[in-house]
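Top line first, the protein sequences correspond to chains A and B. The opening residue of the first sequence carries number 2 in the numbering used here; numbering runs sequentially from there. The opening residue of the second sequence carries number 8 in the numbering used here; numbering runs sequentially from there.
If you're looking for bench data, these hints aren't it; they were derived computationally from the structure. Among the hints, erroneous ones may be present.
Covered by chain B, per the in silico footprint, the following chain A stretches (three or more residues, Cβ under 8 Å) [claimed, not checked]:
#1 57-63
#2 86-94
#3 191-201
#4 230-241
#5 266-276
Given the structure is predicted, the values throughout are model-derived calculations rather than measurements. Note that the Cβ used here is the ideal one computed from N, Cα and C, for glycine as well.
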Amino acid sequence: MATIVGGVTSSHIPRVGMATSKRLFDEPYWKPFFDGYIAVREWMDRIKPDVAVVIYNDHGLNFFLDMIPTFAIGAAQTYDNEDEGWGLKTMPPVPGDAELSWHIIETLIAAEFDIAICQEMKVDHGLIVPIQVIWPDADAWPIQVVPVAVNMVQHPIPSAKRCFDLGRSIGDAIRSYPEDKKVVVFGTGGMSHQLQGQRAGFINKRFDLDFMEKLVHEPQTLTRLTTTDLIRDAGAEGVELIMWLTMRAAMGDKVNLLHSNYHAPISNTGTGVMLLEPAA
Amino acid sequence: MAWTKKDYDDIPGTFVFDGRRSQMGWPLNKMCMSFNAQANRDAFKNDVDGYCRTYDLTVDQTQAVKDMDALRLLELGGSIYYLAKLAGIYGLNMQDLGAQMRGISVDEFKEMLLAQGREEV
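Assemble the whole structure, with the sequences as input and the hints as a guide.
Structure, rendered in structure tokens:
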């Protein structure tokens, strides 16, 4: 049977991708950020997960506003990354595990989640940057992915509670997959940031740290946050944090926190990396 | 036809990209999506007015594009994720845009971010 071996949260800021490509790991601005990933890299080297189920959002690479699925799951053997328009280096295609994808899709639809199914899907920095920062030296990606794209661009976006419920079913799906696979679940994006308007540059460190703490032991309380709460307290683009909550729900009731690092700012954003494992 | 009042409308300095904004900004965001291709970025640079006409931008949207006026583009229905693709053509990143929208210098904007990171909580 497949097992969930861990859960990871990570920012997916494009400038992190740029800094990783340029290997700025020890520059004073970047060091407190990149040092936060050392423990995650060591854990990945030791545990060697086969598949990452990556909960992320597309920012206008695969999906345009003509058709925005609230939840979309990739079911391909490979996912291309492409030019997003503003200078981020295009990365090699990411291998998929289509059979696991279809098992997750079947389980979710049986659980009454009406998701979109994508047999061709381009993946943008929302998925690429977190795996790039964990495996900066890889010639080819050392992990397969199942992309789970959540609409964060076009409001109304799904609620925190809906994402939590979806995450729980994703966890059920992974644990009921008959093949022996080690699966790690990623929730990417966030933390607090606002890119737009006169409030651009808003970061809320207090909110971020509180969110990280609650995510471990009382994630249910975070499902009470409304979209408006999140926009106000985490910034307009900080709503991405509900993808962390989706990951957390997939992990099951109890988790152990193996590693955590918060650093602000990187670019316009508060950043957090966390590594969780399911607890007995 | 009516747009309902939203509880996020009162958050200061914030443009929530909902249906009202998305409908208004459709031609603008559609044009920005085309900038994922280098050939289209080049075509835009060669003839900004002509390129905006191809996508049926309004006169106001076209002017705001030429001015790269981020706040005006938001008011006219731009989504920040799509506007980022336009800003890239002008050689501007999200910190440049943030400073512009706040009406401060890029150095001041960066210092403001650093100060928030230093806050004791």
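Evaluation of the provided hints:
Residues of the segment 57-63 of chain A lying with their CB closer than 8 Å to a CB of chain B number 3, which satisfies the three-residue condition for coverage. For the segment 86-94 of chain A, the proposed coverage by chain B is satisfied: 3 residues have a C-beta within less than 8 Å of a C-beta in that chain, meeting the threshold of three. Coverage of a stretch by a chain is defined here by at least three residues with a beta carbon nearer than 8 Å to that chain's beta carbons; for the segment 191-201 of chain A and chain B the count is 7, and the condition holds. Chain B is given as covering the segment 230-241 of chain A, and this holds because 4 residues of the stretch bring a CB closer than 8 Å to a CB of that chain, at least three being needed.
For the segment 266-276 of chain A, the proposed coverage by chain B is satisfied: 4 residues have a C-beta within less than 8 Å of a C-beta in that chain, meeting the threshold of three.
Violated hints are absent here; each numbered hint is respected by the structure.
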